[in-house]
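Residue numbers (this note's numbering), protein chains in the order written: chain B, 1 to 418; chain F, 1 to 418.
Worth flagging that the hints you see were computed from the coordinates, not collected in a lab.
The model shown is predicted, which means the values in this text are computed figures rather than measured ones.
Be aware that one or more of the hints could be misleading.
Chain F regions said to be covered by chain B (calculated; three or more residues, Cβ under 8 Å) [unchecked claim]:
id: 1; region: 21-29
id: 2; region: 107-120
Non-contacting residues of chain F with respect to chain B, defined by C-beta distances greater than 12 Å in every case (computed) [unchecked claim]:
id: 3; residue: Ile-40
id: 4; residue: Ala-203
id: 5; residue: His-341
id: 6; residue: Gly-351
id: 7; residue: Lys-380
Listed next, with one range per pair, are the computed distances between beta-carbon atoms [said to hold, decoys possible]:
id: 8; chain 1: B; residue 1: Ala-320; chain 2: F; residue 2: Arg-389; range: 30 to 38 Å
id: 9; chain 1: F; residue 1: Lys-159; chain 2: B; residue 2: Leu-25; range: 50 to 58 Å
id: 10; chain 1: F; residue 1: Thr-171; chain 2: B; residue 2: Asp-175; range: 37 to 45 Å
id: 11; chain 1: F; residue 1: Arg-389; chain 2: B; residue 2: Asp-345; range: 33 to 41 Å
id: 12; chain 1: B; residue 1: Arg-178; chain 2: F; residue 2: Arg-370; range: 49 to 57 Å
id: 13; chain 1: F; residue 1: Arg-178; chain 2: B; residue 2: Gly-67; range: 54 to 62 Å
id: 14; chain 1: F; residue 1: Asp-175; chain 2: B; residue 2: Gly-359; range: 29 to 37 Å
No residue lacks a Cβ here, since even glycine has one placed at the ideal position from N, Cα and C.
Number of protein chains: 2
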Amino acid sequence: MSMKIFVLGGDGFCGWPTSLHLSALGHDVVIIDDLSRRAIDVELEVGSLTPITPMGTRLRAWREVSGRAIPFHRVDVAREYDRLLALIEAERPDAIVHFAEQRAAPYSMKSSRHKRYTVDNNLNATHNVLAAIVESGLDVHLAHLGTMGVYGYGTAGMKIPEGYLPVEVVTEAGDRVRQEILYPANPGSIYHMTKTQDQLFFAYYAKNDEVRITDLHQGIVWGTNTPETLADERLVNRFDYDGDYGTVLNRFLMQAAVGYPLTVHGTGGQTRAFIHIRDTVRCIQLALEHPPERGERVRILNQMTETHRVRDLARLVSDATGAEVAFVANPRKEAAENDLHVTNDLFLGLGLEPTTLDGGLLAEVSDVARRYAHLADLDKIPCTSTWTRQQRAGAPGAAGSSPEGAPTAPEGVLTGSD
Amino acid sequence: MSMKIFVLGGDGFCGWPTSLHLSALGHDVVIIDDLSRRAIDVELEVGSLTPITPMGTRLRAWREVSGRAIPFHRVDVAREYDRLLALIEAERPDAIVHFAEQRAAPYSMKSSRHKRYTVDNNLNATHNVLAAIVESGLDVHLAHLGTMGVYGYGTAGMKIPEGYLPVEVVTEAGDRVRQEILYPANPGSIYHMTKTQDQLFFAYYAKNDEVRITDLHQGIVWGTNTPETLADERLVNRFDYDGDYGTVLNRFLMQAAVGYPLTVHGTGGQTRAFIHIRDTVRCIQLALEHPPERGERVRILNQMTETHRVRDLARLVSDATGAEVAFVANPRKEAAENDLHVTNDLFLGLGLEPTTLDGGLLAEVSDVARRYAHLADLDKIPCTSTWTRQQRAGAPGAAGSSPEGAPTAPEGVLTGSD
Numbered sequence: 001m002s003m004k005i006f007v008l009g010g011d012g013f014c015g016w017p018t019s020l021h022l023s024a025l026g027h028d029v030v031i032i033d034d035l036s037r038r039a040i041d042v043e044l045e046v047g048s049l050t051p052i053t054p055m056g057t058r059l060r061a062w063r064e065v066s067g068r069a070i071p072f073h074r075v076d077v078a079r080e081y082d083r084l085l086a087l088i089e090a091e092r093p094d095a096i097v098h099f100a101e102q103r104a105a106p107y108s109m110k111s112s113r114h115k116r117y118t119v120d121n122n123l124n125a126t127h128n129v130l131a132a133i134v135e136s137g138l139d140v141h142l143a144h145l146g147t148m149g150v151y152g153y154g155t156a157g158m159k160i161p162e163g164y165l166p167v168e169v170v171t172e173a174g175d176r177v178r179q180e181i182l183y184p185a186n187p188g189s190i191y192h193m194t195k196t197q198d199q200l201f202f203a204y205y206a207k208n209d210e211v212r213i214t215d216l217h218q219g220i221v222w223g224t225n226t227p228e229t230l231a232d233e234r235l236v237n238r239f240d241y242d243g244d245y246g247t248v249l250n251r252f253l254m255q256a257a258v259g260y261p262l263t264v265h266g267t268g269g270q271t272r273a274f275i276h277i278r279d280t281v282r283c284i285q286l287a288l289e290h291p292p293e294r295g296e297r298v299r300i301l302n303q304m305t306e307t308h309r310v311r312d313l314a315r316l317v318s319d320a321t322g323a324e325v326a327f328v329a330n331p332r333k334e335a336a337e338n339d340l341h342v343t344n345d346l347f348l349g350l351g352l353e354p355t356t357l358d359g360g361l362l363a364e365v366s367d368v369a370r371r372y373a374h375l376a377d378l379d380k381i382p383c384t385s386t387w388t389r390q391q392r393a394g395a396p397g398a399a400g401s402s403p404e405g406a407p408t409a410p411e412g413v414l415t416g417s418d
Numbered sequence: 001m002s003m004k005i006f007v008l009g010g011d012g013f014c015g016w017p018t019s020l021h022l023s024a025l026g027h028d029v030v031i032i033d034d035l036s037r038r039a040i041d042v043e044l045e046v047g048s049l050t051p052i053t054p055m056g057t058r059l060r061a062w063r064e065v066s067g068r069a070i071p072f073h074r075v076d077v078a079r080e081y082d083r084l085l086a087l088i089e090a091e092r093p094d095a096i097v098h099f100a101e102q103r104a105a106p107y108s109m110k111s112s113r114h115k116r117y118t119v120d121n122n123l124n125a126t127h128n129v130l131a132a133i134v135e136s137g138l139d140v141h142l143a144h145l146g147t148m149g150v151y152g153y154g155t156a157g158m159k160i161p162e163g164y165l166p167v168e169v170v171t172e173a174g175d176r177v178r179q180e181i182l183y184p185a186n187p188g189s190i191y192h193m194t195k196t197q198d199q200l201f202f203a204y205y206a207k208n209d210e211v212r213i214t215d216l217h218q219g220i221v222w223g224t225n226t227p228e229t230l231a232d233e234r235l236v237n238r239f240d241y242d243g244d245y246g247t248v249l250n251r252f253l254m255q256a257a258v259g260y261p262l263t264v265h266g267t268g269g270q271t272r273a274f275i276h277i278r279d280t281v282r283c284i285q286l287a288l289e290h291p292p293e294r295g296e297r298v299r300i301l302n303q304m305t306e307t308h309r310v311r312d313l314a315r316l317v318s319d320a321t322g323a324e325v326a327f328v329a330n331p332r333k334e335a336a337e338n339d340l341h342v343t344n345d346l347f348l349g350l351g352l353e354p355t356t357l358d359g360g361l362l363a364e365v366s367d368v369a370r371r372y373a374h375l376a377d378l379d380k381i382p383c384t385s386t387w388t389r390q391q392r393a394g395a396p397g398a399a400g401s402s403p404e405g406a407p408t409a410p411e412g413v414l415t416g417s418d
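The shape of chain B in the complex, shown without the other chains:
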């Protein structure tokens, strides 16, 4: 059954292939984006390694290739509430996919300005969408891209559930009462923090206004293209290799392609969850095809397919390419080593067939990295953002280890630059 679907942030790394995938399936897709990701490229003096084309060119190419139109509206969802509401009232979408947030942890930590932009943009964007859905009076299903980074207490050998945690509390009378609670948040960056705050928006609007909401806690995305973005060179997806927006596996493959050592932060003992971009778009499709009922609590799914330790990924890429591995100071404030066991039964139950690292698609990313390697600015590869003033000042104990006697951050399941 064909749906009308708004994709907020439909120009981005996940939003663009999602828009094409949903359009290819026969849905009426409308892209809403303020093109802020391209503006950040300008700010950081870096760009997608792949030569992405302007939105107008992209959409003309898609029309030629598929025969399908995707209208585009340049709207800042965090600032232009009235335009967003007017579009919802005029177009009456069945679903809204919400990618319209600043999504890089290192970018969110660069300075007070970047912290404040991330908070202001992400929280107002999410809240505006919810307020507009309620004000429109329409029964719109909202699917939001969250992050595995919202979880934080999963290191005591516990498998991370999908969003909700059963706990026992003791009453005044001494009885043990079982409750299911939103998984306690323990974000590792300003960016991740905004996603934990988004969860509270969702819980509230699902409860008070019975908005139907799906929150997808995504792992680190790797890969570049989907069948749709490969259909024409003008449809190519972004590939970020810089220290702010480059996700860890794509960054390693890029570094290997240009003969740059694979930079592992700290010991590389961080275990992360991963998903291929082809599975991202499939998961969003599945989530839209299986919305929650009105009045149901927020449906939370873990959108990841496998976990790996960062140093194991580096070794894998090193073995395949001969690249060196370089251990560098960790710019983040986090535990040096962590385990990570994640449940993703809900998507598997809906029919997801995971694209895993050993499935051969690593070669596709290497090909992209090699093909455009000459366009790369190697100075942009290191991560220059730091999580604290001490790290910035290069103080003893900074970057990875904790100063003597200082409290260490609790162990968490922080994802990488997602």
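Mind docking chain F on chain B? Use the hints.
Here is chain F on its own, set in the frame of chain B:
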């Protein structure tokens, strides 16, 4: 030991008497406020029942009475980050008391615009203060006014702890592991939701940047004046009696004074936590005198002294004054009846001697209400904000009871119009 203390929101109902109390103790107080509360009076076409004077008059009067100066800076903390940072860097405060948030639940529910203002203002204000403290590099203790309304799972006979809840989780190996988590949030309005999101800001900044933070979960404040605001008529504190900003007990006493029935929402079975304004200012003093250590988790204290069922309060006021009690539709989406048991050991341990309802101060509020009753606009007394579209439309089952078959809101401990 004298401290330099910024009071953000120092023109408001709690902020003004707090500023005077701290100044009277010999601290160097600086008030920062955008006077938005007075602007909202203009918007709602209502005002404080007591004739509050302009800030310049207030501060001149305080100087005459006490010999102490309180500098005032008109700054919008949510919007004017650079001015806030410059003031912190120039004045180097030891502590910042943060009242600079929109604080009425009914106001936050009036329309999309009011929801969006509350979210945008409260979240950016709190985040700006934290980012500015970190950017300044100073070790400033931040004391924030939270709300009892952040709690939500306390109805299973469990006594609400101070901020943190011990729970047990089960590991993959089947072991039971005890963890202490931030109390799961279950806010009952957009306003309360922003306070639960504030908690995530605080947890993050305490962890990543070791900012020293105290979060005070306050009950509904009653009373009007403190010894300092009584020292001169020009120092009088606000008294709100309208349906948006009037807190329940003050509203009842006002209604009794003007011969208006005491309007109880629903069955009046809601149990709320209360504190007198004199104890509010004492609690903030105690919190500032006992800051957490650097690197410590957020110190959370329950700032309340007693709990009462709303209908019992109405009966108490009715018995004392002869006023009628009128049960009206509940504009909120909440359980009709709830129990509430709250721990406040931390403040009692610091030496707080509670001012309770049976302590005679009820008469003081009645006196204020009677003295200025002729200035009241009785049309402003009912609460006209509603929590959902159904209630707004006056649909069957609206306002208090749930429509047949519709899910009811989980029981919570939502405070009143705090």
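Original post:
For this structure, which hints from the list above don't hold up?
Top reply: 1, 4, 5, 8 and 10
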